[in-house]
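Residue numbers (the numbering used here), protein chains in the order written: chain A, 1 to 507; chain B, 508 to 886.
Careful, some of the hints might be misleading.
[As the list claims (entries may be wrong)] For lysine-lysine, the following DSBU-like pairs were computed, each having C-alpha atoms within a straight-line distance of at most 35 angstroms: (1) A/K401 - A/K280; (2) B/K665 - A/K263; (3) B/K877 - A/K15; (4) B/K632 - A/K405; (5) B/K874 - A/K15; (6) A/K112 - B/K881; (7) A/K410 - B/K632; (8) B/K665 - A/K196; (9) A/K402 - B/K641; (10) A/K335 - A/K410; (11) B/K860 - A/K306; (12) A/K335 - B/K665; (13) A/K463 - A/K402; (14) A/K263 - B/K681; (15) A/K224 - B/K679; (16) A/K438 - A/K463; (17) A/K438 - A/K458; (18) A/K401 - B/K641; (19) B/K881 - A/K263; (20) A/K15 - B/K762; (21) A/K280 - B/K665; (22) A/K445 - B/K610; (23) B/K681 - B/K671; (24) B/K803 - B/K860; (25) A/K458 - A/K402; (26) A/K405 - B/K665; (27) A/K410 - B/K641; (28) B/K610 - A/K306; (29) B/K641 - A/K224; (30) A/K224 - B/K665; (31) B/K881 - A/K15; (32) A/K280 - A/K112; (33) A/K445 - A/K410.
[What the hints assert, rightly or not] In silico contact screen, one side only, chain A against chain B (beta carbon under 7 angstroms); selected entries: (34) A182; (35) T258; (36) K261; (37) G293; (38) A296; (39) A297; (40) I333.
Don't read these hints as lab results, they were simulated from the structure.
Ideal Cβ positions, reconstructed from N, Cα and C, are used throughout, including at glycine.
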Amino acid sequence: MSQRQVLQVFEQYQKARTQFVQMVAELATRPQNIETLQNAGVMSLLRPLLLDVVPTIQQTAALALGRLANYNDDLAEAVVKGDILPQLVYSLAEQNRFYKKAAAFVLRAVGKHSPQLAQAIVDCGALDTLVICLEDFDPGVKEAAAWALGYIARHNTELSQAVVDAGAIPLLVLCIQEPEIALKRIAASALSDISKHSPELAQTVVDAGAIAHLAQMILNPDAKLKRQVLSALSQIAKHSVDLAEMVVEAEIFPVVLTCLKDKDEYVKKNACTLIREIAKHTPELSQLIVNAGGVAAVIDCIGSCKGNIRLPGIMMLGYVAAHSENLAMAVIISKGVPQLSICLSEEPEDHIKAAAAWALGQLGRHTPEHARAVAVTNTLPVLLSLYMSPESSEDLQLKSKKAIKNILQKCTYLPALEPFLYDAPPNILKHVVGQFSKVLPHDSKARRLFVTSGGLKKVQEIKAEPGSLLQEYINSINNCYPEEIVRYYSPGYSDTLLQRVDSYQPL
Amino acid sequence: METNSNNFGELQELKDMATLAKLLARAPFLESQYYFRNRAVDSFRKFENDAAVMIQSWFRGCQVRAYMRHLNRVVTIIQKWWRSYLGRKFYQLVVEAAYYTMKMNLYNEMAVRIQRRWRGFRIRKYCFNYYYLKEYLRAVSETNDAIREALEEFAEMKEREERKVLLEREEKQKDYQARKMHYLLSTKQISGIYNSPFREHPDPWELRLQKAKPLGHQKYTAEKGKTSQSPSNWLACTSVHSFPQSESLPPISRKRCQGPFRDINEVLEQRYKPLEPTLRVAEPINHLRLAREAFKQEERMRNVQDKMFLPFSSYHKKEKYIPMIHSSSAYNSDSYGQKHFRSQDSKKWISDKDFQTVLPSFQLFSKYGKLYSKAGEIV
Chain A
1 MSQRQVLQVF EQYQKARTQF VQMVAELATR PQNIETLQNA GVMSLLRPLL
51 LDVVPTIQQT AALALGRLAN YNDDLAEAVV KGDILPQLVY SLAEQNRFYK
101 KAAAFVLRAV GKHSPQLAQA IVDCGALDTL VICLEDFDPG VKEAAAWALG
151 YIARHNTELS QAVVDAGAIP LLVLCIQEPE IALKRIAASA LSDISKHSPE
201 LAQTVVDAGA IAHLAQMILN PDAKLKRQVL SALSQIAKHS VDLAEMVVEA
251 EIFPVVLTCL KDKDEYVKKN ACTLIREIAK HTPELSQLIV NAGGVAAVID
301 CIGSCKGNIR LPGIMMLGYV AAHSENLAMA VIISKGVPQL SICLSEEPED
351 HIKAAAAWAL GQLGRHTPEH ARAVAVTNTL PVLLSLYMSP ESSEDLQLKS
401 KKAIKNILQK CTYLPALEPF LYDAPPNILK HVVGQFSKVL PHDSKARRLF
451 VTSGGLKKVQ EIKAEPGSLL QEYINSINNC YPEEIVRYYS PGYSDTLLQR
501 VDSYQPL
Chain B
508 METNSNNFGE LQELKDMATL AKLLARAPFL ESQYYFRNRA VDSFRKFEND
558 AAVMIQSWFR GCQVRAYMRH LNRVVTIIQK WWRSYLGRKF YQLVVEAAYY
608 TMKMNLYNEM AVRIQRRWRG FRIRKYCFNY YYLKEYLRAV SETNDAIREA
658 LEEFAEMKER EERKVLLERE EKQKDYQARK MHYLLSTKQI SGIYNSPFRE
708 HPDPWELRLQ KAKPLGHQKY TAEKGKTSQS PSNWLACTSV HSFPQSESLP
758 PISRKRCQGP FRDINEVLEQ RYKPLEPTLR VAEPINHLRL AREAFKQEER
808 MRNVQDKMFL PFSSYHKKEK YIPMIHSSSA YNSDSYGQKH FRSQDSKKWI
858 SDKDFQTVLP SFQLFSKYGK LYSKAGEIV
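Isolated chain A (complex conformation) (with noise of 0.2 angstroms):
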């Protein structure tokens, strides 16, 4: 045979290998054939071809693997078991940029099911290679690089800290400062995954510098780099009052109020998770909220959105009530009251519900100025029919009772109590009629419209153990009234009366 002949054997075998990774690469984009690439024992197959002479059968092979192992974890665990980590990770550190592609979207697509699967990568030494990539020229190497790391740190404190550990964070901030959109948003998200897990990690992430620069990017206007952002500033804030203090400090206030105001809803709910987060560690960190007016962008917000994007801005408005009474009416006067209210009965979800019915106790606990405000929107009575009703989950009734209760305490505005004298249970009524009797003896008028409104008959209804507090207090409201009045709204009187008619003797 001629050598044309036998090259060309080898011509055509490398044209079938070449087929057929670029065919499997192409078929595993489509989920409807995973499962028959599985049965068909892909795995097996591409794994020789990784180490093929050639280097885009390799580069395809790796971009297969990588979208096999993407879809689930079966086939993640497959590819781990199937020892393939330490040939990528041995070329990473060699190939061209192409591979390196390819090898680190499978580290990704491994390390995204679980912690354990995460953990395999790092035993085999990925960490090294991915942040020796992360310095790598071209900016899509960085990318896939940062994406994996910031996939792996994102199951436990372990893994965050092992990333860490192998240097990355500079990188990283570093990353962060390049001109490319997606690897500024691939960076933001890998910080922010570093960054939740404990405040050592949030720390080391402030102390690479990372606050200034993505403070600076809260003003770009692409969405999705601010959803990013917003979401690693927020979790940086959460851990402590210094990191808070710190990220406050990179001035975002008042930029990250534009972001409130923003078309994507994810940003929207990630800001108002970053101002929450700053807003629940000390009163005075509430303070500079208020002073800069967030807390009327954030009541805007809410009134703007529907659903669990509500959610972070209504708990903030909790948190800045929760710390002094100042805090609690200042959101008061930027209406805050009547926004809480529609959300407590409009939302369909109970969580929503609770958060919402948590924050109007707060708002309403402090003094009769604050429970008056809270009772004037009706919302007392949806906050009952909430407790009442069996269909609301615990913590919704838990949560709501004790709404009720902290702002029956200080509650003196009648016209809001009247309704509670007759539906409410009785550990709810004690309350109401305690407050009845600490209002009735010093208001004449009151005392006219508490008769003439029928409360004072309700009052008589109530059954009361002898020497309990609730007789006390139905005791010290009926010394307000003369005993006439008394005596004729007491249940069965009209049967005296009648016995009376019955017994009397006409002269």
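With the hints as your guide, set chain B onto chain A.
Below, chain B alone, put in the same frame as chain A:
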């Protein structure tokens, strides 16, 4: 005397005999009377006894009752005095207590007044400034309003920008469409489809077609080449296909290429690449001077008259300039050391032209991304 006494004796005997005779006369009655008296008395005895008992008892009862009444009266008086004594003692204590409580109430009230004033003063002076709080809340609400306005403006601005971008994109698309369809423009002979004679006004597309410049073939590829990459990806700008190329097809009668090692299109491109002169060759070396001259020529062409407009301030400058004596004398300072530092002999010069400042272009990246080999692609 004896008679008297005898008379008396006889009288006595007569009396006694009379009595005896009376007695004997009543003798039969004696039995009955004796019987009668004893039995009758007996029968009356019980009756009379009972009556006597009754009378006695009644009388004794009255006696005792009178005594009891008397005792009661006396005891009442004693009790009355004793109880009044006790009551007065008790009353003394009650009065003392009431007096005491009255005093304490008065003191309490006065103390409440003092405490009220003092507490109000203390809170207002040292702890809590109500007016400051009101001011603060008002300032907060003002800030809120300002922020709300600013955010509204911001949102509006963004929306306007978005709409503008959208409109611009639409405009561009329509413009491009019009340029592609420029041949549908109506002429005097044939009215195009957008300028039907049955319509009152021509369709707006007609106006657009009138304004549009027809599309040339090269520009088509150049535009296509330019619009396929986003400016944010600088690496794409240096890729092989980013510079405009002329589409040259390989010759018909060529042999089959050896080996499938590289994409056949790339190989053919490399082989039949048109000439791409480098920047250095593409422009003449004195292009700056030529450009200046071309510019001046264009200006001369465009200008209506050749005399330049002079500034109005030169109307006043009709005076002849009278130089200073120092500078108008023949004995000046030597320009050597100030203007030139070398001795020059103009007779020794070869030509009368000075050196030209020539800045050739250098090619650091002229071949970047355009080489056939893939070596060094990892920059």
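Against the structure, the hints come out as follows:
1. Using a Cα cut-off of 35 angstroms, the hinted pair A/K401 and A/K280 holds, with the two alpha carbons roughly 23 angstroms apart.
2. Restraint check: the Cα-Cα separation between B/K665 and A/K263 comes to about 9 angstroms, which is no more than 35 angstroms; the hinted pair holds.
3. The straight-line distance between the Cα atoms of B/K877 and A/K15 is roughly 27 angstroms, inside the 35 angstroms bound, and the hint therefore holds.
4. Of the supplied pair hints, the one linking B/K632 and A/K405 holds, its CA atoms being roughly 34 angstroms apart against a limit of 35 angstroms.
5. For the hint linking B/K874 to A/K15, the alpha-carbon distance of about 32 angstroms falls within 35 angstroms, and the restraint holds.
6. Taking the CA atoms of A/K112 and B/K881, the gap is near 34 angstroms; set against the 35 angstroms cutoff, the hint holds.
7. The suggested pairing of A/K410 with B/K632 holds, with an alpha-carbon distance near 26 angstroms, which does not exceed 35 angstroms.
8. For the hint pairing B/K665 with A/K196, the CA-to-CA distance comes to about 32 angstroms; that is within 35 angstroms, so the pair holds.
9. Distance restraint check for A/K402 and B/K641: the Cα-Cα separation of roughly 29 angstroms lies within the 35 angstroms cut-off, and the hinted pair is therefore satisfied.
10. Only pairs whose Cα atoms come within 35 angstroms are accepted, and A/K335 paired with A/K410 is accepted, the gap being roughly 20 angstroms.
11. The straight-line distance between the Cα atoms of B/K860 and A/K306 is roughly 80 angstroms, outside the 35 angstroms bound, and the hint therefore fails.
12. For a cut-off of 35 angstroms, the pair hint linking A/K335 to B/K665 stands: about 26 angstroms separates their Cα positions.
13. Of the pairs offered as hints, the one joining A/K463 and A/K402 holds, with about 24 angstroms between alpha carbons and a cut-off of 35 angstroms not exceeded.
14. For the hint pairing A/K263 with B/K681, the CA-to-CA distance comes to about 28 angstroms; that is within 35 angstroms, so the pair holds.
15. Using a Cα cut-off of 35 angstroms, the hinted pair A/K224 and B/K679 holds, with the two alpha carbons roughly 27 angstroms apart.
16. Between A/K438 and A/K463 the CA atoms are separated by roughly 20 angstroms; this keeps the pair inside 35 angstroms, and the hint holds.
17. The straight-line distance between the Cα atoms of A/K438 and A/K458 is roughly 17 angstroms, inside the 35 angstroms bound, and the hint therefore holds.
18. Distance check on the hinted pair: A/K401 and B/K641 sit about 32 angstroms apart at the alpha-carbon level, within 35 angstroms; holds.
19. Among the hinted pairs, B/K881 with A/K263 is inconsistent with the structure: their alpha-carbon atoms are about 44 angstroms apart, more than 35 angstroms.
20. Restraint check for A/K15 and B/K762: the C-alpha separation of about 21 angstroms stays at or below 35 angstroms, so the hint holds.
21. Note on A/K280 and B/K665: the hinted pairing holds, with a Cα-Cα distance of about 31 angstroms set against a maximum of 35 angstroms.
22. Only pairs whose Cα atoms come within 35 angstroms are accepted, and A/K445 paired with B/K610 is accepted, the gap being roughly 33 angstroms.
23. Our distance criterion of 35 angstroms between C-alpha atoms is met by B/K681 and B/K671, whose separation comes to about 15 angstroms.
24. For the hint linking B/K803 to B/K860, the alpha-carbon distance of about 22 angstroms falls within 35 angstroms, and the restraint holds.
25. The straight-line distance between the Cα atoms of A/K458 and A/K402 is roughly 25 angstroms, inside the 35 angstroms bound, and the hint therefore holds.
26. Using a Cα cut-off of 35 angstroms, the hinted pair A/K405 and B/K665 is violated, with the two alpha carbons roughly 45 angstroms apart.
27. At most 35 angstroms may separate the alpha-carbon atoms for a hinted pair to count; A/K410 and B/K641 meet this at roughly 21 angstroms.
28. Proximity of B/K610 to A/K306 is assessed by CA-CA distance (about 66 angstroms); at most 35 angstroms being required, the pair is judged violated.
29. Proposed proximity of B/K641 and A/K224 is contradicted: the alpha carbons are some 42 angstroms apart, above 35 angstroms.
30. Distance restraint check for A/K224 and B/K665: the Cα-Cα separation of roughly 17 angstroms lies within the 35 angstroms cut-off, and the hinted pair is therefore satisfied.
31. The straight-line distance between the Cα atoms of B/K881 and A/K15 is roughly 21 angstroms, inside the 35 angstroms bound, and the hint therefore holds.
32. Between A/K280 and A/K112, the direct Cα distance comes to roughly 31 angstroms. Compliance with the 35 angstroms bound is thereby established for this hinted pair.
33. Straight-line distance between C-alpha atoms of A/K445 and A/K410 comes to about 20 angstroms, which keeps the hinted pair within the 35 angstroms bound.
34. Look at A/A182: its Cβ only gets to about 9 angstroms from chain B, farther than 7 angstroms, so that hint breaks.
35. At its closest, the beta carbon of A/T258 sits 5 angstroms from a beta carbon of chain B; the interface hint therefore holds under the 7 angstroms criterion.
36. Restraint check, A/K261 versus chain B: the minimum CB separation of about 4 angstroms is within 7 angstroms; hint holds.
37. For A/G293, the suggested interface contact is upheld, since its CB lies about 3 angstroms from the closest CB of chain B, less than 7 angstroms.
38. A distance limit of 7 angstroms between C-beta atoms decides the matter here; for A/A296 the minimum to chain B is near 3 angstroms, and the interface restraint holds.
39. A hinted interface residue such as A/A297 counts as satisfied when its beta carbon comes closer than 7 angstroms to some beta carbon of chain B; here the least separation is about 6 angstroms, so the hint holds.
40. The beta carbon of A/I333 is positioned within 7 angstroms of a beta carbon in chain B (closest approach about 5 angstroms), and the interface hint is therefore held.
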